[in-house]
Every structure is written in structure tokens, then in C-alpha cells.
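Q: As they're listed, the protein sequences go chains X and Y. Residues 82 to 455 in my numbering are what the first sequence lists, from first letter to last. Residues 17 to 202 in my numbering are what the second sequence lists, from first letter to last.
No lab work stands behind these hints: they were computed from the structure. Keep in mind that the hints are not guaranteed to be accurate.
Unchecked claim - Lysine-lysine pairs mimicking DSSO-like chemistry, simulated, CA-CA at most 30 Å apart: (1) Lys140/X <-> Lys81/Y; (2) Lys225/X <-> Lys238/X; (3) Lys157/Y <-> Lys129/X; (4) Lys129/X <-> Lys102/Y; (5) Lys146/Y <-> Lys129/X; (6) Lys407/X <-> Lys352/X; (7) Lys62/Y <-> Lys407/X; (8) Lys157/Y <-> Lys235/X; (9) Lys284/X <-> Lys146/Y; (10) Lys62/Y <-> Lys352/X; (11) Lys199/Y <-> Lys407/X.
Here is what each chain is made of, one letter per residue.
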Amino acid sequence: MNQYQEYSLEDFVLDARFQEWVRYRRDDDVTFWEKYLLENPVQADEIKRAQTLLRSVYKNYETHIDENEIDFEIQQLLNKVRATKINIRDEQTENISFTRSANIFSRNSILWAAATIVLMLGLGWLYKQNQVPETNYSSLTIGKSFREEKNETKAPKVILLSDGSEITLMPNAKISFPANFPVEKREVYLSGKAFFQVSKDPKRPFLVYANELVTKVLGTSFTINAENLALKTTVEVQEGKVSVFRQADFRDVKDQKTLQSKGMVLTANQKMIFESATTNMVKTIIDEPEVVATVTARTFDFVNTPASEVLTKLEDAYQVDIIFDKELLQSCPVTASLSKQSLLEKLDIICEVIEARYEMLDGKIVIYSKGCKN
Amino acid sequence: MPNPTNSNQDDSDLWNAFRAGDDVAFGEIARQYYRSLFSYGIKFSKDREFVKDCIQDLFMELWAKRETIGDTGFVKFYLLKSLRRKIHRESQKQPWLTEDDDFDFESENLGENSIEQQIIDIETSEAMLKMLNQQINLLTKRQQEIIYLRFFENLDNESIAQVMSISKQAVANLLYRTIQELKDRL
Chain X
82 MNQYQEYSLE DFVLDARFQE WVRYRRDDDV TFWEKYLLEN PVQADEIKRA QTLLRSVYKN
142 YETHIDENEI DFEIQQLLNK VRATKINIRD EQTENISFTR SANIFSRNSI LWAAATIVLM
202 LGLGWLYKQN QVPETNYSSL TIGKSFREEK NETKAPKVIL LSDGSEITLM PNAKISFPAN
262 FPVEKREVYL SGKAFFQVSK DPKRPFLVYA NELVTKVLGT SFTINAENLA LKTTVEVQEG
322 KVSVFRQADF RDVKDQKTLQ SKGMVLTANQ KMIFESATTN MVKTIIDEPE VVATVTARTF
382 DFVNTPASEV LTKLEDAYQV DIIFDKELLQ SCPVTASLSK QSLLEKLDII CEVIEARYEM
442 LDGKIVIYSK GCKN
Chain Y
17 MPNPTNSNQD DSDLWNAFRA GDDVAFGEIA RQYYRSLFSY GIKFSKDREF VKDCIQDLFM
77 ELWAKRETIG DTGFVKFYLL KSLRRKIHRE SQKQPWLTED DDFDFESENL GENSIEQQII
137 DIETSEAMLK MLNQQINLLT KRQQEIIYLR FFENLDNESI AQVMSISKQA VANLLYRTIQ
197 ELKDRL
């Protein structure tokens with residue numbers, strides 16, 4: 082234990098055990114170093130300073146990447162590897178060149194796929210079971226000692242859960258949930274339409290069972306409409322990310338990685354429509370996209386601003402993907418005051434000005450333009 | 017964070033399976049290194065998707081070369097070094113990365129303090145950390161990369177020298193100097 086006695090700050094910061102203590106604060110390291118500090122008060126100052134130094138390094142270079150993001154990447158990788166195994170000759174080169182492609186469209190699709198995976202974060206599983214909505218809700222909740230809240234009024238009703246989450250029930254909606262959530266997950270059962278503001282707790286995913294879908298989130302806000310069970314169920318994301326799965330997949334696939342590939346990820350201002358008849362999940366933009374709450378820049382006044390910049394600003398503000406040729410649109414100046422219009426109106430105006438058009442495709446907006454150089 | 021240099025029995029089983037063409041084992045290995053690689057790569061380019069693409073390519077190359085891969089002890093720095101080279105090369109090819117076409121090592125947390133600061137103890141004043149962070153960002157890119165590889169990736173000086181293609185002595189000198197500079201600010 083006395084190996085540290087002669088240590089100065091320089092030695093401490095380079096010592097693996099010392100680093101681990103500062104970085105991960107594992108119990109046994111904490112015990113060890115606290116005891117050491119008590120027994121060697123002369124070194125307290127050096128230790129404190131070494132600690133501060135390391136801490137600031139760790140803080141400064143900390144990187145945020147989600148486990149789910151990593152899972153997704155690994156899954157992608159394995160898919161490619163498997164493809165090479167099956168079709169050794171042709172597929173290999175093709176797959177490798179795919180990721181390297183400089184094409185903006187394929188980059189974006191990768192981005193989207195990645196975002197989808199991340200969705201596990203705010204995984205929303207909406208699953209529409211059978212054709213009768215009540216059946217699913219009641220079959221899932223029957224015989225369990227849940228608390229049930231109904232909105233029999235004509236106005237929205239706010240329910241506060243024990244974890245701090247807030248659910249706004251629309252008229253005729255009802256929700257069941259345990260009085261206290263278990264440590265590992267938060268599960269609620271919905272019938273009807275409700276808006277959710279889920280409090281953040283990455284260790285405890287929040288699951289909403291509604292019709293044939295399960296929506297999983299870690300903390301975000303979104304609306305589920307499971308009132309017309311027979312026809313369709315929708316999930317709209319106001320903020321953050323949500324994953325949506327068919328209940329059957331959610332139930333049958335235990336393996337998280339495989340599960341992810343079956344779900345759909347929605348990010349802010351996206352909407353998923355699930356049709357019972359076809360069991361298709363279709364992704365689109367919500368009807369009236371709003372500027373995402375956390376975004377600070379709210380002015381949309383442009384004077385001779387390159388269209389590429391304008392679109393990037395809209396992308397940030399609404400957190401939607403807009404696909405366009407950056408180089409091409411750099412040459413298209415836009416002068417317009419766009420603060421009052423909705424996103425789609427803004428796009429109409431911009432496209433008018435630069436003689437382009439746009440389409441919505443798979444929850445993204447694609448701008449078609451020939452550029453503005455004469 | 018897994019420490020892949022400790023190749024225990026499980027690790028070497030994993031590697032043998034990978035070399036024999038087992039894709040599940042390969043996935044496990046990729047997962048072990050993923051966070052380190054991403055965290056390192058993102059210091060050179062702020063484009064997360066671009067970094068991920070580079071890592072995908074890197075692993076596909078590793079897979080293609082699996083039969084000729086040697087000792088697992090070298091893998092981490094081999095991967096870090098390859099990623100560094102790849103990002104450098106690819107970012108020169110890609111015209112849309114115009115905003116950061118310098119090949120610079122820097123923290124992606126510049127000017128941000130929104131990140132949940134779970135690691136930070138109350139006993140250390142925020143102000144001191146902030147000041148020190150500014151100080152770190154004033155270090156040369158090379159100094160920053162060295163302390164990153166040393167403190168974050170736990171590489172020894174020899175491996176750092178390999179990754180950065182400089183001499184071991186240069187690493188030792190720079191590391192010492194960097195710690196001194198930061199220490200004076202405490």
C-alpha cells in the first residue's frame with residue numbers, strides 16, 4: 082500500500098488505479114482512496130489537485146453515445162458481414178463501398194437508420210392487437226392490481242405518475258398502471274388518446290401498450306392516438322425520440338438487437354401511422370410541425386441568405402431531416418421573413434423563391450432543385 | 017469500460033472464434049472497442065455519422081483480414097491508429113465536410129456545459145473545472161491527443177507513439193510538459 086507514499090501529482094495522474102477512481106468511482110476504489118487519504122494527510126493536497134486535473138480532462142473529453150446507438154452500429158456491421166458470407170464475391174465490395182459512399186442520400190439514410198435505433202431511448206411501442214380495442218386493453222389489464230384513471234369529462238385531464246411523468250388523457254381515454262413502478266421498467270396501458278411527458282430515467286424505460294403497438298421511451302413527449310382501434314393507431318413525437326414496435330414482435334423477440342431491427346424510430350415532429358388492416362407502419366411528418374422547445378434561435382428572417390443555410394436552420398429548429406444538395410443550393414439566395422408561417426408554408430415560400438419543389442418521403446423532406454446559376 | 021489488453025481466457029476464445037469466421041464473436045469484439053473508437057474519432061470530426069461510417073469500414077477491413085490478425089494485445093492501438101488514418105483520409109475526400117476540414121484533435125464539448133455532470137463532485141468548484149477546461153483547450157492539438165490517449169484510452173507511451181506516428185521520447189516529453197502546464201493552473 083505504501084507504493085503511493087512517494088507519489089507526487091504527476092505520478093498520481095498517471096496511475097491506473099488513481100485514474101479509475103476519479104473516472105468511474107467504483108466502490109472498492111472509493112473505499113481504498115478515502116482510506117488512503119485519511120492515513121496520509123500530508124499527501125491530501127497533491128491528491129486533491131491530481132483529482133481535479135483528471136476530472137477536468139475526463140469532463141472535457143467525455144463523449145456521448147448511447148448503448149442503443151452502438152447496438153445499432155454493431156447490428157449494421159453484422160448484417161454486412163453476413164452478406165459477405167453468403168455472397169462472398171459480389172456482396173463484399175458492394176457492402177464496403179456502401180458505407181463509404183459520398184452520396185448525400187445514402188448518408189442520410191444511414192443517419193436515419195441510426196436515429197431509428199437510438200429510438201430505443203424513447204422507445205414507444207404501440208401495438209394494436211386484434212381488431213377490438215377494448216379487448217386488448219382489458220385483456221392486458223385484467224386481474225392485475227392496477228390503478229385505473231378514466232377521463233369521463235369533456236376536457237383533457239392530467240394524471241401525474243409516481244415517477245414524475247405526466248399523462249394528459251383526452252376525453253374518453255383511460256389508462257392503467259401500477260401504483261408504484263418496479264425498478265426495471267415503467268409500463269402503462271392506454272385506451273384512447275393521450276399526450277405523454279415522460280420524465281427522464283434511462284435505466285427505466287417507459288412502455289406504453291396501446292392497441293397492437295408498444296411504444297418505448299426513456300424520457301420525451303409524444304401523443305398516442307389509439308381510439309379508432311379498428312382502423313389505425315398513431316404515434317406523434319413532440320420532443321426527443323421514441324421507438325414503436327408491433328406487440329407481436331415485442332413479445333416474441335427477446336433479443337434486443339433483433340428487436341431493434343423490427344421497430345420504427347420516430348424523432349421530433351414525426352408521426353407513425355399503424356393500419357390494422359395491413360399491419361403496416363408508415364412514417365410521416367406530423368400535421369403541424371412545431372419548433373422544438375429546446376431550440377433557441379427562433380427568428381426566421383433571411384436577407385440574401387443561401388438557401389442551404391436557410392434549410393439547415395429549419396432542420397435544426399424543427400428537428401426534421403431535410404435532404405438537399407448543399408453545394409447546389411448555396412448559390413440560391415433567399416430573402417424572406419418566415420417567422421409566422423408553419424414549416425410547410427415556409428417550405429412552400431422557399432421553394433417558390435428558388436424555383437424548387439419538395440416532397441415528403443419516409444418522414445423526411447426532400448428538396449428537388451436545379452440550382453440557381455444561370 | 018472493457019480493457020481489451022487483458023486477454024484472459026474468454027477474450028482469446030473470442031478471438032479464436034472470430035479468426036475462424038464466427039460473426040457473433042466478431043460482433044462482441046466490435047462492441048468491446050466501439051465506444052473507444054467513436055469517442056476518439058469524434059475528436060477529429062464533429063460529424064457523428066461520418067465517424068460511424070469510418071468505424072464500419074474499419075471493422076469490415078478487420079473482418080476481411082481476420083485470418084492474418086495476430087496478437088490481441090495490439091488490437092486496440094492498431095484500431096485507434098487505423099481509425100485516425102482513415103478519418104484523415106476520408107475527410108479530405110469529402111467536400112461537404114467543409115466546416116471542419118482541418119484535421120484537428122479537439123473536444124466536442126467546446127463551449128458547452130449542458131451535459132449532465134454526474135461525474136462531478138460538489139467538493140470541486142465548478143469554476144475551477146471550467147477554468148481548467150479552457151486551459152486544456154488551449155493546449156496544442158498534439159498535447160490534447162496525448163493526454164486523451166493516456167488518460168482515456170489508458171495507452172502506454174509506446175502505443176501512443178505508434179498511434180500518432182511520433183517517437184516514444186516525444187510522447188514522454190510532451191506528456192510531462194502537459195501535466196506541468198495544467199498543474200500550474202491548479
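Q: With reference to the structure, classify each hint as holding or not holding.
A: Hints, one by one, checked against the model:
no. : hint                  : verdict
1   : Lys140/X <-> Lys81/Y  : violated, 36 Å
2   : Lys225/X <-> Lys238/X : holds, 24 Å
3   : Lys157/Y <-> Lys129/X : holds, 26 Å
4   : Lys129/X <-> Lys102/Y : violated, 39 Å
5   : Lys146/Y <-> Lys129/X : holds, 16 Å
6   : Lys407/X <-> Lys352/X : holds, 26 Å
7   : Lys62/Y <-> Lys407/X  : holds, 18 Å
8   : Lys157/Y <-> Lys235/X : violated, 62 Å
9   : Lys284/X <-> Lys146/Y : holds, 29 Å
10  : Lys62/Y <-> Lys352/X  : holds, 28 Å
11  : Lys199/Y <-> Lys407/X : violated, 45 Å
Hint compliance for this structure: hints 1, 4, 8 and 11 are broken, all remaining hints hold.
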